[in-house]
Every structure is written in structure tokens, then in C-alpha cells.
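Chain residues, written in single-letter form:
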Amino acid sequence: MRDVYVVGVGMIKFGRYPDKDVSQMGAEAGVLALKDAGASIKDVEMLVCGNLFQANAMNAQKILQQIGQTGIPALNVSNACATGSTAVREAYIGVASGMYDVTMAVGVEQMGKMGLLGGGARSGGESVEGVLGSGLMPAVFGQAGVEHMRKHGTTAEHFAKISVKNHKHSVHNPLSQYQVEVSLDDVMNARMVAYPNTLYMCCPTGDGAAAAILMSEDKIKQFTSKPIKVATSVLTSDPYTDRDLTMPDVNTLTQNAAKEAYEKAGIGPQDLSLVELHDCFATAELLHYENLGLCAEGEAGRMIDEGRTELGGDIPVNVSGGLLSKGHPLGATGVANIYEIVTQLRGQGGARQVEGAKAGLAHVIGLGSACTIHILTA
Amino acid sequence: MTHTQRAIAPMLRLPATPDEKPYLVGYRCPACNATYIGGNRVGCSKCTYVGDLPEVRLSDHGTLYVYSIVHQSAPGIPVPYVSAIVDLPEGVSVRCNLVDIEPDPQKIEFGMPVDMVTRKVRERKEKNAHGDEETIDIIAFFFRPGKD
Ligand SMILES: [Zn+2]
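Sequences listed follow chains L and G, in order.
In terms of the numbering used here, the first sequence opens at residue -5 and continues consecutively.
In terms of the numbering used here, the second sequence opens at residue 4 and continues consecutively.
None of these hints come from the bench; they were simulated from the model.
Every value quoted in this text rests on a predicted model; they were computed, and no experiment measured them.
Some clues are possibly wrong.
[Stated by the list, open to error] To be clear about the criterion: a stretch of chain G counts as covered by chain L if any three or more of its residues have a C-beta under 8 Å from a C-beta of chain L, and this derived list gives those stretches:
hint, region
1, 17 to 28
2, 37 to 51
3, 76 to 82
4, 93 to 103
5, 128 to 139
Each residue gets a CB set at the ideal place from its N, CA and C atoms; glycine is no exception.
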């Protein structure tokens, strides 16, 4: 496999765009990434579009129909919340395999106001949601947090502190859907959604798009003197664990992905300058401190107490504001994480810059389940 | 007008005679004993055995593993309620509503014994094979605090 580099990234501010359509937002992000790379759509040899809710709408092709129908291979992927990061991985494989020198990944989603409460479980025509427990994300991630409370004595306040931290970070990210600081009291006293997650501990829903241009080593010299290397790209599915089919296990597949990523990249958690991880709910972020090996098992509560994951701490997590503030347009999320890591490794983070950032990890989990980890290095 | 009972999901069995208790069923791998809720299985995802997984009757008594208290849900679903994961002695867990308990973390204990109960949750009118309208009572299972 060949080395792969990110040469351009682009992202539109996450928010609500009821008057735009999916391919338009995707095309806008694509144009931003091309401009950032100093490249043209004519340089791109393959386009991968990640989008979940319109997975059958041929959005990769529609993006080309907006910015250049060059006839290149264009494909559409969906993988729950890991849709965008799976698109990045497909673009990565295209270059790593030696088949292409320049590929583009676009992640885009229009959530409207449907949000994470859409859908709901049915069984043979009878609705079972709210009767046979809840299969919706707030309860699933509530239970995942409660499991950590049971095992390690973690408190609701520990989880609330995650939300305080990520909202504090968001103030410095102009592309974040929300840029509002909240206090611990605000978070603890907000409306309960599904215990222990209150409103501010659940990511907002919205629309958005992000894109990344990937290139081979041969090609980068034409475009940049500061390429960001993709040290590894890992994708796992959920292995069998005892309760996985009843209560999705978001931990084991992340642990497996982290182990593989650190081995393949030759980089350990102690070498990371920053992490963008999948904080769809505040509970999730805390679990992933342990799953990604940022701290020992059972130590995640202490880690947030000690401020280690704040900007200025020894391993800042979600300096972009995280999904909790930045927003979580499903297909765009995984590409937006890459955008943030690249921005940081280039030293372009402005007020949210992690000093001397050399290596960053982007983690995404899609329930069902799929987990991606990308480690990038300056 | 006749009332017919119908289980909300295939994992719940409603016996024909009223003196028999409703029960849950699972499917057990003959190779490794992993037990699954829900049929239509092609094989065992734990050990990769392929073939029939015989049905097993599950206990109506288990222990609470974890829960969440749902305060906000899709339209039409009454809140708050306790969504729980219950471990059964057959080595399988089931997702359910925990009832007859205050939806308050202070009142809910990890590992507490719980017992299954069934209740009618809704009804619907349907025409039967003879064209007569009948009422279908939809029966769901719940778990509530039980004895050790
Ligand atoms: Zn088996």
C-alpha cells in the first residue's frame, strides 16, 4: 500500500439550510476543498460521496453535475453515523491501492428537524418503541452511560462536564452550528432527554457538508509543501459480545479499531496531540476516553475532572466543539473530523489551536455498528 | 364481539389456555449455547455455526443490568418511562420497559431481581376471515421489581 496525504479540506458551517439541496451543499464543500488544495475537479480521479438519508439519490454524480461532469468513477456510500468517514476511507483506499493519485471524499447530510428521534422500532407491523424499551439513540447512549456508572461509579456530573468542555471549545469555531458556552448548572438543570443525558448533552441536528482531497506521494509536490499524512485508516464492525444485539456495544469495536490503528500507524495514544471523537451524546465521549486508550479503564471520570481533555490539557478532545456543539449532519460528520484535524496539524486553528499539534486522531462510530479511526500526522 | 389476544412481538408467546402463563422464547446455538432473541436466524454470530437454532423457553425472572429514563421521545409515546436491559438466566438479555417503579435513579438498583408481567397495551379492530369485525388486544411484556 502507498502512503496517502490530505492536501485539501473544505467545510460549510453546520446549521439549517432548508433552501439548499444535498448535492448543492456537497458541491460547495467540494469546491472549498479543491480551492484549499489548489486543485481543479479535473485533477480528481474518483469521487466518493457519503450521505445517509438520500443513499439512493446518486449524490456523488449530482455533485459532479454541479461542478464538473468529468466522467470519473463516482460512488455513494452509507454506514450510519460513520458514513462520511467511510467515504474518506474509500477515497484513501483508492490512492493507497495505487489505482488513483487524486481522490475526493464528500460527506453531506440534510437532517431538517427530523433529528435522532426519527424512526423507532417496529416488530411485524406493531410499534414497540416505548413499550419494549427504547431503541432510539438517546436511550441507547443513556444506557451506555449508565453501564459506565454501574461499573466504575461514574456520576451524571462527570458526563455533564463533557458538555461544558465541548461548548466552551465551540466558541472559537466559526463553522460550529452553536457557539455558546454553558455552565455545569445549565447542563445539569436542562431538560432531561434520556437519563443521564440532558438537552445540552445531546448533539443538535442540522445540515452540513465537508470534503477532503487525498493524494499520493508522487502527486503532492505539485500542490503543497505542507501535506498531512494519513498514517492509518481503520474500519471495524461490531464483534459478538454478550448483549450487543439487545444493547448495542459501542465500546468493543472502538477498542478494536484503536488497537489496530495504533499498531498500523506506529503511534500510540501518548503520541497524539489531539483527538476528535464521536460525542453524539456526552456519555459517549467519556466511554471513548477509555476505548481509545487515552486513559486506563475506569479512569475516564477522573480524566474529565482533571481537565486533561480541555484545550490546554495534555490531550485535548473535540476542540472543534464536538458533535455536541458543531452539530452532527450524519454523512458530513466523519469528513468534518478530518477537516478539524488537518486544520490543527497545519497550525490554522486560531483561538482553538492546539500548540505544536503533530498527530491527531479522528474517531467516528455509527450504530449498527461501524467504527472508523483515522490518524493523521503533520 | 370477540376479543382476540395477539403478542406485540414474536418473542412473546401467548398460550391458548388462560391458565398457562405467557413466556418469552429465544433461539439457542447447538454448538456453543449462545442464545438469541428473535428468530429467522441463519446461524450463530458468536461461533459461526450455520443451521437451525432450536427454540428455548426463557425464564420470566431475571436481573436488571442497566437502564435509562426516557423523558423525551417520538410523538405519541408516554414519558417518562424506564427503558431497561434485563439479563435472563439462559444467558441472553432482553430490552423492555421496567414498570411499577418510580422513574428515579435513586429508586432503581443495578442487579435487582425483576419478574415478567404481560399487559394489554392497545387494541385494534380487524375483519376476520368470515368478514366479521373483531377486536384484537395487543399484549406486551414488561418487567417489574421481583423477589430474589
Ligand atoms: Zn454458536
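Status of the hints after comparison with the structure:
1. 17 to 28: violated (count 0)
2. 37 to 51: n = 6 at 8 Å, threshold three: holds.
3. 76 to 82: With 5 residues closer than 8 Å to chain L, the region 76 to 82 of chain G meets the three-residue bar; holds.
4. 93 to 103: n = 7 at 8 Å, threshold three: holds.
5. 128 to 139: With 0 residues close enough to chain L, the hint is violated.
Hint compliance for this structure: hints 1 and 5 are broken, all remaining hints hold.
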